[in-house]
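These protein sequence lines map, in sequence, to chains A and B.
Oh and the first sequence: position 164 is 164 in the numbering used here, straight run, nothing missing.
Oh and the second sequence: position 520 is 520 in the numbering used here, straight run, nothing missing.
Simulated from the structure, these hints should not be mistaken for laboratory data.
Built from N, CA and C at the ideal position, the CB exists for glycine as well.
Wrong hints could be hidden among the right ones.
Stated by the list, open to error - So, partial list: chain B residues that the calculated Cβ filter (under 10 angstroms) puts toward chain A:
{"no.": "1", "residue": "Lys-341"}
{"no.": "2", "residue": "Ile-346"}
{"no.": "3", "residue": "Asn-361"}
{"no.": "4", "residue": "Phe-363"}
{"no.": "5", "residue": "Ile-364"}
{"no.": "6", "residue": "Tyr-379"}
{"no.": "7", "residue": "Ala-381"}
{"no.": "8", "residue": "Asp-384"}
{"no.": "9", "residue": "Gly-388"}
{"no.": "10", "residue": "Glu-389"}
{"no.": "11", "residue": "Glu-394"}
{"no.": "12", "residue": "Val-414"}
{"no.": "13", "residue": "Ile-417"}
{"no.": "14", "residue": "Tyr-675"}
Stated by the list, open to error - Capping the alpha-carbon separation at 30 angstroms, the derived lysine-lysine pairs in DSBU-like fashion look like this:
{"no.": "15", "chain 1": "B", "residue 1": "Lys-38", "chain 2": "A", "residue 2": "Lys-94"}
{"no.": "16", "chain 1": "B", "residue 1": "Lys-355", "chain 2": "A", "residue 2": "Lys-88"}
{"no.": "17", "chain 1": "B", "residue 1": "Lys-355", "chain 2": "A", "residue 2": "Lys-33"}
{"no.": "18", "chain 1": "B", "residue 1": "Lys-392", "chain 2": "A", "residue 2": "Lys-22"}
{"no.": "19", "chain 1": "B", "residue 1": "Lys-83", "chain 2": "B", "residue 2": "Lys-584"}
{"no.": "20", "chain 1": "B", "residue 1": "Lys-282", "chain 2": "A", "residue 2": "Lys-22"}
{"no.": "21", "chain 1": "B", "residue 1": "Lys-187", "chain 2": "A", "residue 2": "Lys-88"}
{"no.": "22", "chain 1": "B", "residue 1": "Lys-355", "chain 2": "A", "residue 2": "Lys-22"}
{"no.": "23", "chain 1": "A", "residue 1": "Lys-94", "chain 2": "B", "residue 2": "Lys-584"}
{"no.": "24", "chain 1": "B", "residue 1": "Lys-390", "chain 2": "A", "residue 2": "Lys-33"}
{"no.": "25", "chain 1": "B", "residue 1": "Lys-390", "chain 2": "A", "residue 2": "Lys-27"}
{"no.": "26", "chain 1": "A", "residue 1": "Lys-33", "chain 2": "B", "residue 2": "Lys-83"}
{"no.": "27", "chain 1": "B", "residue 1": "Lys-341", "chain 2": "A", "residue 2": "Lys-33"}
{"no.": "28", "chain 1": "A", "residue 1": "Lys-94", "chain 2": "B", "residue 2": "Lys-355"}
{"no.": "29", "chain 1": "B", "residue 1": "Lys-53", "chain 2": "B", "residue 2": "Lys-38"}
{"no.": "30", "chain 1": "B", "residue 1": "Lys-293", "chain 2": "A", "residue 2": "Lys-22"}
{"no.": "31", "chain 1": "B", "residue 1": "Lys-187", "chain 2": "A", "residue 2": "Lys-27"}
{"no.": "32", "chain 1": "A", "residue 1": "Lys-27", "chain 2": "B", "residue 2": "Lys-328"}
{"no.": "33", "chain 1": "B", "residue 1": "Lys-341", "chain 2": "A", "residue 2": "Lys-22"}
{"no.": "34", "chain 1": "B", "residue 1": "Lys-355", "chain 2": "A", "residue 2": "Lys-27"}
{"no.": "35", "chain 1": "A", "residue 1": "Lys-88", "chain 2": "B", "residue 2": "Lys-38"}
{"no.": "36", "chain 1": "A", "residue 1": "Lys-22", "chain 2": "B", "residue 2": "Lys-167"}
{"no.": "37", "chain 1": "B", "residue 1": "Lys-187", "chain 2": "A", "residue 2": "Lys-76"}
{"no.": "38", "chain 1": "B", "residue 1": "Lys-157", "chain 2": "A", "residue 2": "Lys-33"}
{"no.": "39", "chain 1": "B", "residue 1": "Lys-341", "chain 2": "A", "residue 2": "Lys-94"}
{"no.": "40", "chain 1": "A", "residue 1": "Lys-22", "chain 2": "B", "residue 2": "Lys-390"}
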Amino acid sequence: MADPKKKGKAEGPVSYDPSFSKEVFEKVDYGEKIKMCMQCGVCAASCPLSMVMDYSPRKIFALIRAGKRSEVLSSKAIMLCTSCYSCKVRCPRKVPVVDVMHGLANYALKQGYVPREETALFGREFWKQILRLGRIDEKDLPRRYFFSKGIIPGIKKSMELADMGIVLMLHKRMKLLPERSVKGIKELRKMLEKASAMGNGGA
Amino acid sequence: MSKKVGVYICKGCGIGDSLDIEKLAGLPEEEYSIDTVKIHEAFCTKEGVDLIKDDIANGVNAVVIAACSPRVNYDVFDFGVDKIVERVNLREQVAWSHAPKDEDTQMLAEDNLRMGIVKANASEPPVPFKAEEDYSGKLLVVGGGLAGMTAALEAAKAGYEVILVEKEAKLGGFLNKCKQRVTFPYKELTPTGIEDMAAEVSANPNIKVYTSAKVDEISGGPCLFNLKISQNGTQITEKVGSIIQATGWVPYDAKKLPHLGYGRFKDVVTNVEFEEMAKEGKIRRPSDGGEVKTALFIQCAGSRDPEHLPYCSSVCCLVSLKQATYLKEQDPEAVSYILYKDMRTIAQAEDFYRKAQRDGNIFIRGSVEAVGDEGGKLYVAGYDELLGEKIKIEGIDLVVLAVGMVPASKPEAVPKIKAPEGAPGADSEGMIEVAADSGFFANRTLNLLYRQGPELPTLRYGFPDSHFICFPYETRRTGIYTAGCIRRPMESYQAEEDAVGAAMKAIQCIELTMRGMAVHPRAGDMSYPEFFMQRCTQCKRCTEECPFGAINEDEKANPLPQPTRCRRCGVCMGACPERIISFKNYSVPMIGDMIKAIHVPEEDEGKPRVVALICENDAYPALDMAGIKRMSWSPYIRFIPVRCLGSVNLVWIADSLSRGIDGIILLGCRHGDDYQCHFIKGSELANVRLSKVAETLQRLALESDRVRYVEIGIADYHKLPGILDDFMKVIENVGPNPYKGW
Ligand code: SF4
Ligand code: SF4
Ligand code: SF4
Ligand code: SF4
Numbered sequence: 001m002a003d004p005k006k007k008g009k010a011e012g013p014v015s016y017d018p019s020f021s022k023e024v025f026e027k028v029d030y031g032e033k034i035k036m037c038m039q040c041g042v043c044a045a046s047c048p049l050s051m052v053m054d055y056s057p058r059k060i061f062a063l064i065r066a067g068k069r070s071e072v073l074s075s076k077a078i079m080l081c082t083s084c085y086s087c088k089v090r091c092p093r094k095v096p097v098v099d100v101m102h103g104l105a106n107y108a109l110k111q112g113y114v115p116r117e118e119t120a121l122f123g124r125e126f127w128k129q130i131l132r133l134g135r136i137d138e139k140d141l142p143r144r145y146f147f148s149k150g151i152i153p154g155i156k157k158s159m160e161l162a163d164m165g166i167v168l169m170l171h172k173r174m175k176l177l178p179e180r181s182v183k184g185i186k187e188l189r190k191m192l193e194k195a196s197a198m199g200n201g202g203a
Numbered sequence: 001m002s003k004k005v006g007v008y009i010c011k012g013c014g015i016g017d018s019l020d021i022e023k024l025a026g027l028p029e030e031e032y033s034i035d036t037v038k039i040h041e042a043f044c045t046k047e048g049v050d051l052i053k054d055d056i057a058n059g060v061n062a063v064v065i066a067a068c069s070p071r072v073n074y075d076v077f078d079f080g081v082d083k084i085v086e087r088v089n090l091r092e093q094v095a096w097s098h099a100p101k102d103e104d105t106q107m108l109a110e111d112n113l114r115m116g117i118v119k120a121n122a123s124e125p126p127v128p129f130k131a132e133e134d135y136s137g138k139l140l141v142v143g144g145g146l147a148g149m150t151a152a153l154e155a156a157k158a159g160y161e162v163i164l165v166e167k168e169a170k171l172g173g174f175l176n177k178c179k180q181r182v183t184f185p186y187k188e189l190t191p192t193g194i195e196d197m198a199a200e201v202s203a204n205p206n207i208k209v210y211t212s213a214k215v216d217e218i219s220g221g222p223c224l225f226n227l228k229i230s231q232n233g234t235q236i237t238e239k240v241g242s243i244i245q246a247t248g249w250v251p252y253d254a255k256k257l258p259h260l261g262y263g264r265f266k267d268v269v270t271n272v273e274f275e276e277m278a279k280e281g282k283i284r285r286p287s288d289g290g291e292v293k294t295a296l297f298i299q300c301a302g303s304r305d306p307e308h309l310p311y312c313s314s315v316c317c318l319v320s321l322k323q324a325t326y327l328k329e330q331d332p333e334a335v336s337y338i339l340y341k342d343m344r345t346i347a348q349a350e351d352f353y354r355k356a357q358r359d360g361n362i363f364i365r366g367s368v369e370a371v372g373d374e375g376g377k378l379y380v381a382g383y384d385e386l387l388g389e390k391i392k393i394e395g396i397d398l399v400v401l402a403v404g405m406v407p408a409s410k411p412e413a414v415p416k417i418k419a420p421e422g423a424p425g426a427d428s429e430g431m432i433e434v435a436a437d438s439g440f441f442a443n444r445t446l447n448l449l450y451r452q453g454p455e456l457p458t459l460r461y462g463f464p465d466s467h468f469i470c471f472p473y474e475t476r477r478t479g480i481y482t483a484g485c486i487r488r489p490m491e492s493y494q495a496e497e498d499a500v501g502a503a504m505k506a507i508q509c510i511e512l513t514m515r516g517m518a519v520h521p522r523a524g525d526m527s528y529p530e531f532f533m534q535r536c537t538q539c540k541r542c543t544e545e546c547p548f549g550a551i552n553e554d555e556k557a558n559p560l561p562q563p564t565r566c567r568r569c570g571v572c573m574g575a576c577p578e579r580i581i582s583f584k585n586y587s588v589p590m591i592g593d594m595i596k597a598i599h600v601p602e603e604d605e606g607k608p609r610v611v612a613l614i615c616e617n618d619a620y621p622a623l624d625m626a627g628i629k630r631m632s633w634s635p636y637i638r639f640i641p642v643r644c645l646g647s648v649n650l651v652w653i654a655d656s657l658s659r660g661i662d663g664i665i666l667l668g669c670r671h672g673d674d675y676q677c678h679f680i681k682g683s684e685l686a687n688v689r690l691s692k693v694a695e696t697l698q699r700l701a702l703e704s705d706r707v708r709y710v711e712i713g714i715a716d717y718h719k720l721p722g723i724l725d726d727f728m729k730v731i732e733n734v735g736p737n738p739y740k741g742w
């Protein structure tokens with residue numbers, strides 16, 4: 001886990017401020033569920049990404065409780081959740097951790113907290129591709145993402161990951177030819193448009 | 001009684017395949033002139049039992065059954081109290097654990113049979129004790145709180161008359177102070193119901209209540225307890241059969257917690273004070289009567305702290321959850337912080353913890369560094385373990401200290417008594433501090449006229465001693481049981497259950513005592529120690545060492561045994577240097593005869609002999625278990641079961657060694673703070689006495705390695721063969737006992 005001291009360590013002792021908890025309970029999707037968190041740490045231990053997160057899911061809930069609004073809303077952790085559901089399945093207090101993480105990410109965006117440049121970029125490219133093909137092209141998405149910062153870094157990154165690409169191809173996880181769009185792509189686009197118009201969910 | 005012994009050797013369960021049964025069956029006739037010897041394929045079958053019954057009908061009155069362990073089939077081989085039944089273990093401890101058709105195995109079986117025959121010869125059927133005085137079947141309950149009243153009601157419902165003594169003017173105890181309860185199933189707050197219960201008790205025709213009363217004196221023993229109760233200056237006498245002490249607890253003294261702000265700030269209160277405030281109507285700031293918008297509960301206030309109360313009281317977490325709920329109900333906008341070490345909500349009380357979370361109370365795991373005052377409000381500074389940062393919570397209206405439970409029996413300071421002359425550790429006035437495990441330690445409640453002190457001996461934290469795991473209600477005074485928070489800290493639902501348990505034990509005690517039987521752990525035993533007083537030297541060992549205070553003393557130091565108080569452990573028998581204490585079926589000469597019955601081979605045969613004195617409660621079953629698991633150990637060891645290691649008289653060691661036995665091993669239960677000894681002090685006493693055996697060994701010019709003391713729990717059976725073989729190696733190393741063949 002990233003060193004929590006790097007971030008959000010205020011001067012002097014933390015004074016608990018219940019107003020942020022209240023805000024989360026009221027405004028964040030599934031936010032109220034974290035009242036039940038007993039800080040056991042099972043979610044943190046289950047989360048495959050907690051080692052690259054700045055705060056583990058458990059710690060996020062502790063920070064909310066303490067009222068550390070900006071630390072939580074600007075945290076990398078809430079954006080990194082990959083929806084693996086391990087935490088939600090295992091939480092003994094039935095906190096839907098993954099849903100809360102997404103709820104928080106969504107809320108952070110609405111509150112004007114911008115995610116890291118790469119995260120935002122990846123997200124944009126991801127959605128573009130979904131809208132275009134109805135699926136992800138495993139070559140095309142990384143390519144767009146790698147080269148978004150220029151040609152030189154793009155080539156460098158591609159070279160670094162070339163071996164993995166070969167393995168993926170050998171296992172038929174990645175095709176040489178470009179992916180075609182899914183059947184009924186038009187209908188899918190309509191669905192996605194409608195969902196976004198409803199304005200719920202999605203990071 | 002004129003005795004006719006019959007010997008019954010079973011071939012079942014593999015015994016027949018392991019031993020030369022015909023040869024074994026020749027032994028009783030050859031060595032003991034017993035002509036009734038029968039062999040059967042399985043004596044535990046109807047046919048087998050009928051064989052024995054036929055012989056009994058023809059005059060056999062002592063039955064030696066060489067078959068399975070005495071721990072099984074005891075109901076099958078029960079031929080009535082006037083018949084002696086001696087079980088010789090040929091199955092678990094011979095056939096199942098030693099090489100079949102082997103000379104050493106056969107010798108082992110032979111010795112076991114000899115010991116059984118000798119024991120049957122020396123035993124008499126016990127005659128149940130009956131005192132001259134009339135027996136009382138009433139119960140006394142001391143303490144009219146939840147536990148005491150529950151016990152009284154339960155016993156009354158079972159048809160027993162109860163006398164209830166309460167020191168306050170009103171029944172109810174601590175719950176009188178409480179606004180509500182949170183108890184099983186721990187979902188919501190519920191009314192305490194204590195007033196209804198008090199009314200029910202008062203109206204019950206089987207219960208006689210004395211309020212504003214106390215017990216001045218108790219003498220006698222189970223079914224013979226004579227009481228003096230005083231109430232408003234008058235003294236009443238009563239007689240009861242058994243006693244339940246349910247005198248409860250007091251809160252830990254918060255004055256000892258100034259670091260948490262108590263006594264320094266008016267708005268720092270204890271959980272008891274908070275409860276009283278809630279009960280009176282409104283939770284306010286004591287300083288100015290103002291509203292409580294923010295409260296902070298400090299858990300483990302003094303608890304789990306070696307400087308204060310080292311243990312967990314197991315209820316204060318739940319109490320704080322309840323009290324935070326009071327506050328929420330009074331003002332839904334109010335915030336409660338709960339600062340804890342661990343939230344310990346016992347059993348399903350976790351449900352109430354969830355409720356308190358759902359209500360939006362804020363839980364912080366951490367520690368307190370300072371409590372202070374800032375502009376009329378309190379703050380608490382400390383460390384939040386889960387945040388990993390220092391915290392300071394400001395603007396608090398009320399700080400509540402969740403203090404723990406101290407047993408009412410625990411004195412403020414260690415009491416002193418007049419020291420016997422020349423005792424080390426006496427102060428300038430000749431006074432000496434009493435030991436915490438003595439009957440002189442606890443606050444006066446029962447005022448027993450016992451030689452070993454007026455109260456129940458206590459454990460380390462001042463709770464009355466009991467065999468915590470196995471026999472929780474039993475105290476070290478027979479017929480006196482504890483229930484509720486005097487026994488250990490507990491929540492009200494548990495206190496009620498506890499009271500039911502203690503009431504049952506108290507009833508059992510009455511029923512058994514009336515029949516002349518022992519209570520737990522030798523429930524049903526009708527033997528009791530008899531003293532051959534002519535030879536008593538007034539050495540006081542028996543009166544001092546009896547773990548249950550069953551022996552009083554007259555002015556001349558003559559022991560005055562009180563058989564209804566006796567647990568039949570035989571510790572007095574082990575203690576008596578004159579060997580004048582014996583039971584009808586257990587005595588010093590009897591075990592001595594058994595030792596003498598063992599055939600000790602000549603030195604040149606290279607077959608050592610070891611006597612194992614093995615506690616019947618745990619070590620013997622452990623050995624059976626090892627046999628059941630087909631484990632094996634040296635066939636040179638002869639096991640003699642004893643009631644308790646405390647009943648081992650050192651003379652047996654001298655007897656064994658002087659007869660050429662090469663070594664002696666004592667196997668018993670663990671002693672110390674976490675003792676497992678069924679008679680509490682037995683194995684400890686054995687250990688102390690054994691430390692003095694070196695003298696005997698020296699006198700005989702023998703190595704001290706020949707005697708070993710081992711503590712073993714029932715679950716450690718798998719270690720037993722290793723322990724035994726290890727000892728055999730030592731014995732082989734020290735070489736044969738030079739007294740062989742004398
Ligand atoms: S697993 Fe559930 S209860 Fe445990 S820390 Fe995570 S969210 Fe809280
Ligand atoms: S019950 Fe809770 S507050 Fe009380 S001592 Fe145990 S852990 Fe501490
Ligand atoms: S030592 Fe044991 S057997 Fe002896 S009087 Fe006391 S309880 Fe009874
Ligand atoms: S131990 Fe034996 S000799 Fe000593 S007082 Fe007791 S009965 Fe008498």
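Hint status (Cβ of Tyr-379/B to nearest Cβ of chain A, threshold 10 angstroms): Result: holds, 9 angstroms to nearest chain A Cβ.
So, as I understand it, the hint says Phe-363/B touches chain A; can you test that by seeing if any CB pair is closer than 10 angstroms? holds, 7 angstroms
Chain A contact restraint on Glu-394/B - CB to CB distance below 10 angstroms: holds, 6 angstroms
Is Lys-355/B close enough to Lys-22/A, meaning Cα to Cα at most 30 angstroms? holds, 17 angstroms
Hinted pair, alpha-carbon criterion (30 angstroms max): Lys-341/B, Lys-94/A. Please report holds or violated. holds, 23 angstroms
Between Lys-38/B and Lys-94/A, is the straight-line Cα distance small enough, at 30 angstroms or below? violated, 69 angstroms
Would the hint linking Lys-33/A and Lys-83/B be met if the CA-CA limit is 30 angstroms? Distance of about 71 angstroms is beyond 30 angstroms: violated.
Is the shortest C-beta separation between Ile-346/B and chain A less than 10 angstroms? violated, 16 angstroms
Tell me if the straight-line CA distance from Lys-94/A to Lys-584/B falls inside 30 angstroms. violated, 65 angstroms
Hinted pair, alpha-carbon criterion (30 angstroms max): Lys-390/B, Lys-27/A. Please report holds or violated. Given pair Lys-390/B, Lys-27/A holds - Cα atoms ~28 angstroms apart, limit 30 angstroms.
Is the hint on Gly-388/B kept, meaning its closest Cβ partner in chain A is under 10 angstroms away? Because about 6 angstroms separates Gly-388/B from the closest Cβ in chain A, which is inside the 10 angstroms limit, the hint holds.
Against chain A, run the beta carbon of Val-414/B and see if the smallest gap drops under 10 angstroms. Since chain A brings no Cβ nearer than about 41 angstroms to Val-414/B, farther than 10 angstroms, the hint is violated.
Violated hints, listed in ascending order, are 1, 2, 12, 13, 14, 15, 23, 26, 35, 36, 37, 38; each of the other numbered hints is respected by the structure.
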